[in-house]
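So the sequence shown is numbered by our numbering: it starts at 6 and just counts up by one.
Quick caveat, the hints were computed from the structure, so don't treat them as lab data. Just to be clear, a hint being listed does not mean it is correct.
Stated by the list, open to error - List of simulated lysine-lysine pairs, DSSO-like, C-alpha gap at most 30 Å:
1) Lys154 with Lys47
2) Lys124 with Lys142
3) Lys153 with Lys142
4) Lys121 with Lys142
5) Lys142 with Lys179
6) Lys265 with Lys235
7) Lys18 with Lys142
8) Lys121 with Lys153
9) Lys18 with Lys124
10) Lys179 with Lys121
11) Lys18 with Lys153
12) Lys121 with Lys47
13) Lys154 with Lys142
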Amino acid sequence: MTTAHAPCSGTFKVGGEILVNRLGFGAMRITGPGIWGPPRDKATALEVLRMLPDLEVNFIDTADSYGPDVSEELIREALHPYSGLLIATKAGLTRSGPDQWTQNGRPDYLIAQAHKSLKKLGVDQIGLWQLHRIDPKVPRDEQFGAVKKLLDDGVIRFAGLSEVSVEEIEAARKVFPVATVQNLYNLGNRASEQVVDYCERHNIGFIPWYPLAAGDLARDGSLLDQVAAKHDASRSQIALAWILRRSPVMLPIPGTADPKHLEENVGAAGIHLSSHDFDDLNRAGQGLHAA
């Protein structure tokens with residue numbers, strides 16, 4: 006099994022200023038079932054978080070809706086005062102129960118939630134804050150205006166978007182600088198291919214959520230399985246290695262509440278795919294998406 010530390014993944018400057026190792030950590034899964042309430046095993050969740058600095062993972066993605074509030078609170082308990090860490094959070098989704106998500110893009114709500122995250126995380130400024138979704142019930146320019154106000158007031162240093170199209174990114178950039186975009190993207194789901202290319206052209210960090218998914222490529226005997234065997238690695242490690250090679254602005258954030266899985270995920274940073282393997286996996290993934 007391949008092992009490595011996060012710096013092997015390369016680096017990226019969020020907003021052109023905050024240097025992070027490209028392989029980060031998504032803190033959604035450290036909460037309870039259905040991303041609701043506290044984790045079943047709080048001690049292990051805290052252990053996973055406290056392992057991150059040792060593995061040199063210095064980019065952590067969370068949201069006010071994870072729990073809700075639970076993920077931010079655990080991050081503070083485990084890692085405050087965050088020496089050398091970029092803690093990114095989000096707002097724009099509300100929760101009423103396990104696996105239930107409702108959009109709320111009212112400007113007053115977004116601003117209030119950002120201030121709440123300041124307190125939950127115990128910081129004077131949020132390094133990266135992302136609009137979790139553009140709420141179709143609220144004029145998007147009003148939502149973008151709220152983000153600009155947070156930037157202008159110094160509540161947040163940099164801002165990003167989540168689940169957006171190229172057209173939506175361009176509309177937002179007319180109001181505030183977009184530092185990151187967080188969309189569903191993995192080897193088997195390539196719907197955001199044009200968004201990745203756009204982000205690369207404009208040096209916008211692209212944060213793929215659900216990065217380990219590979220669809221039918223994850224089955225025994227698949228191309229992914231064969232490449233994994235060649236590298237003495239797991240299939241999920243190869244899926245991550247492919248994502249890291251896909252673009253220099255790619256910032257994958259695999260999440261887990263298991264220490265062994267965390268070490269395995271970070272180990273993907275040390276895998277260097279040949280051009281042949283990358284291209285073959287690329288074509289296979291595109292085929293899955295087309296199907």
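Going down the list of hints, with the structure as the test:
Straight-line distance between C-alpha atoms of Lys154 and Lys47 comes to about 36 Å, which puts the hinted pair past the 30 Å bound. At most 30 Å may separate the alpha-carbon atoms for a hinted pair to count; Lys124 and Lys142 meet this at roughly 28 Å. Annotation: proposed proximity of Lys153 to Lys142 holds, straight-line Cα distance about 19 Å (limit 30 Å). In summary, the hint linking Lys121 to Lys142 is supported, as the alpha carbons are separated by about 23 Å, within the 30 Å threshold.
Pair hint Lys142 plus Lys179 holds up; C-alpha atoms about 21 Å apart against a cutoff of 30 Å. For the hint linking Lys265 to Lys235, the alpha-carbon distance of about 21 Å falls within 30 Å, and the restraint holds. Restraint check for Lys18 and Lys142: not satisfied, since their Cα atoms lie roughly 33 Å apart, outside the 30 Å limit. With a C-alpha separation of about 17 Å, the suggested pair Lys121 and Lys153 falls inside the 30 Å cut-off, and the hint holds.
Note on Lys18 and Lys124: the hinted pairing holds, with a Cα-Cα distance of about 26 Å set against a maximum of 30 Å. Of the pairs offered as hints, the one joining Lys179 and Lys121 holds, with about 27 Å between alpha carbons and a cut-off of 30 Å not exceeded. This hinted pair checks out: Lys18 and Lys153 have alpha carbons roughly 21 Å apart, not beyond 30 Å. A distance of roughly 22 Å separates the Cα atoms of Lys121 and Lys47; the hinted pair therefore holds under the 30 Å criterion.
For a cut-off of 30 Å, the pair hint linking Lys154 to Lys142 stands: about 20 Å separates their Cα positions.
Figure legend: structure checked against the earlier numbered hints; hints not met, in rising order: 1 and 7.
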